[in-house]
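Residue numbers (this note's numbering), protein chains in the order written: chain E, 891 to 1076; chain D, 23 to 125; chain X, 2 to 507.
Warning: the hint list may mix true and false statements.
Quick list of in silico lysine-lysine cross-link-like pairs, BS3-like style, CA-CA up to 25 Å [said to hold, decoys possible]: (1) X:152 <-> E:1072; (2) X:149 <-> E:1072; (3) X:448 <-> X:99; (4) X:448 <-> X:371; (5) E:1073 <-> X:448; (6) X:370 <-> X:99; (7) X:149 <-> E:1073.
Treat the hints as calculated values from the structure; they're not laboratory data.
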Amino acid sequence: MQFLATISSLPFYILATISIICALGMILNPNLVRAGFTLIGSFIGIAGLYFLLNANFVAVSQVLIYAVGIVLVIVFAVMLCSLKEEAHNIKESVFSSKARVTFAVLISSLVFAVLSFVIRSQDWQAIAKLTGAERQSSLVQLVDDKYLSQIGFLMLNKYILPFELVSVLLLIVLVGTILLSKKDIK
Amino acid sequence: MTVTLVHYLTFSALLFSIGLFGLLISRNAFRVLMSIEIMLNAVNINFVAFAHFLDPLAVKGQAFSLFVMAIAAAEVAIGLSLLLLIYRNRMNIDMDSFATIKW
Amino acid sequence: MDWNLVSKILLPEFIILGAVLITILLSLIDKTKKYTGLVATFALFLAALVAAISTQGEEVTKILNSAFISDSLSRYLRVLIYGIAALIALAATKYIEKFESPAEYFPIFLTATLGAGFLAGVNDFLTLFIGLETLGLSAILLVSYSRKLQKSNESAIKYLLTAAVATGILLFAISLLYGITASTNFAQVASRIVQLESISLLSVPLKILISALLVGAIAFKLAAAPFHNWTPDVYYGAPTSSTLFLSVISKIAGFAVAIRVFGTVFHNEFLLPMLSIIAVLSIIVGNYVGIIQIISRGSVKKLLAYSSIAQSGYLLVALACLRLESVGSLLLYITIYAIMNTCAFACVIYFEQETGSDSVFDFAGWIQKKPMLTIIFSIALFNLAGLPFVPAGFIAKFFLFSTSFSSGLIYAPYLVIIALIGSVIALFYYLYLAKLMIVDEPSFALKQLETVEVVAVTEGTSKCGYSYDPARLTAMLSVGVLIIVSIFGMDYLQGVSEMAIYKIGV
């Protein structure tokens, strides 16, 4: 039984390790283009975790928007910026200042310690009992489209105002980015 | 040792701290942008994990995470066009060498 | 869902949304690029008017599955936001013409105002997040508008990166709140938290963490210390009309969010000390660096940026007391502050149009060129300092401090004393600037201006296109409002702002 539980928890650990290693690799890789591609690995690992959490639609969106969309655009931009002076600009030494690295390590490990302490201090099981989540999760087994219809319902019913507001925002971001990146008028 | 909510939350906290680490350490604006994406992803894991474990019928967290993705995409779009603009004006995107603005 | 009710309550927002589309189309057709600003001003003014006269704000109404709440507070803040935004749009109309593609400024401006308007009646954490981003991302586009200027680009990227980190922090807090309550709706979150606390299921560290994250993220929006680092650079680098927008509309929206979230949804014993600390820090930092700025004769925009950090501090003192009276006086003060700041920045915009400079030094002896505007600018500065020259600023500040003093919070008197000392110190740099303009000899930039004007007139190239300069008109209008309010309307305004708080709904 113990063995079976360990086996079933393996995917989580594998995917989590992949995404953490890839995230660290993104930060420490001196080559920006490679760092961008490493980031894709991290995002795909996270997408795998979404599959484990029964969030298929979010997982697919994660791959489409983050891994393919956002990161590739960033990589393209990096390449555009390094056309002229390749080696000089694209490779920046990460470990330039020792004090800065020590500071960053200290702060981020402190943040991690605080966050994980706080997470462990809360009894989530009791909250699950209170919200009736345990009872509900048995019902979820019956849902076979993995929440797709529920997400659609939320977007167009409960969250209709944010949904419409996002569409206005995206329109304006479109206008604004075109303005920013169009060629200079002579 | 089944995987519980705490595992996911701890993983998300770790990812958030890694994003913060990248934010503090990088001098290149592109890398800062990518670190911020990692932080937003950590938040998304929180939302989806909470939706799975504590809100399994309504899954509001999943809808929320989709909104976060949309906003992140918009943010990156603006950030990249600004960086390209700075590069075009100055041929350099190292944040330490920003001339008029102290970082 | 009752669409009739929705369209009645959200009519001002629909007007602005229509104006966004119209201005985008108009910017394609209109060759002179002159009318988009006027359309935007008119639409915002209309929206403010509609929001003011609609009767729906009298009772608490929730619409769109309680994503938006229409109560006295949201009605008051929407009128304020749209009215001030109309003034700012008017001031920007001519100023923005010097950038390439000036017409697209106004769709972005209107969208940012729309985000702020939705924040006034926010009742759901998702609406809160999207509203903040609509405001924030459009504001970044406004900051980066002068794309040829390096300082504008750099300040925009700085603002974007810090804003993105603040977003991440806010989202982390929201995700934890969603985790403990399994809901994003304000009312449900509030009731679930009360329920959890009654059986002491909510761990104390978690409560502290959520409070700290929320305070940090909102303090960033309010430009309060120690999250103020972006403010001076961004205020300095941005086009002045965008600076004005950030210092007024962003701040009102931030306080709207703070009042809603801390007042009705999430309040505990750890929140008030945190708010007090950032209040004290903002007062100290804002005034201290403001003085350095005036001594080193830096930029007036930076000076006003530090002044706005300090003003955030005074407002946060009232928020930290979190009593009905103190929050009512906060609303009164932020109204007066918005008008004063609009007036001051409109003068700076006008000065920049004339001379192309914004350094403190160049303002010397402005009275010999434009006596009227100098007096208006001085009135705005006196009011920001809290002098009873036109009593509005003084009365508002007096109410702010007296209600905070008597709020019953143990350390409230100390907070008020620190705020008072801060305002006395602030007197120095406001008055120094006023003295510089009124007493001193005209600066080199102003002297040069004369010759340029003469040349322009003789060559016949003095084309304005406007019968009256819009920035100047804005300054006149806002100072007019200030004088009228301080003579006739102070009691009325105080009554309205107190009523706005008493009928706040969850």
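Each hint tested on the structure:
For the hint pairing residue 152 of chain X with residue 1072 of chain E, the CA-to-CA distance comes to about 19 Å; that is within 25 Å, so the pair holds. Our distance criterion of 25 Å between C-alpha atoms is met by residue 149 of chain X and residue 1072 of chain E, whose separation comes to about 12 Å. A distance of roughly 22 Å separates the Cα atoms of residue 448 of chain X and residue 99 of chain X; the hinted pair therefore holds under the 25 Å criterion. For the hint pairing residue 448 of chain X with residue 371 of chain X, the CA-to-CA distance comes to about 13 Å; that is within 25 Å, so the pair holds.
Straight-line distance between C-alpha atoms of residue 1073 of chain E and residue 448 of chain X comes to about 37 Å, which puts the hinted pair past the 25 Å bound. Between residue 370 of chain X and residue 99 of chain X the CA atoms are separated by roughly 23 Å; this keeps the pair inside 25 Å, and the hint holds. Proposed proximity of residue 149 of chain X and residue 1073 of chain E is supported: the alpha carbons are some 11 Å apart, at most 25 Å.
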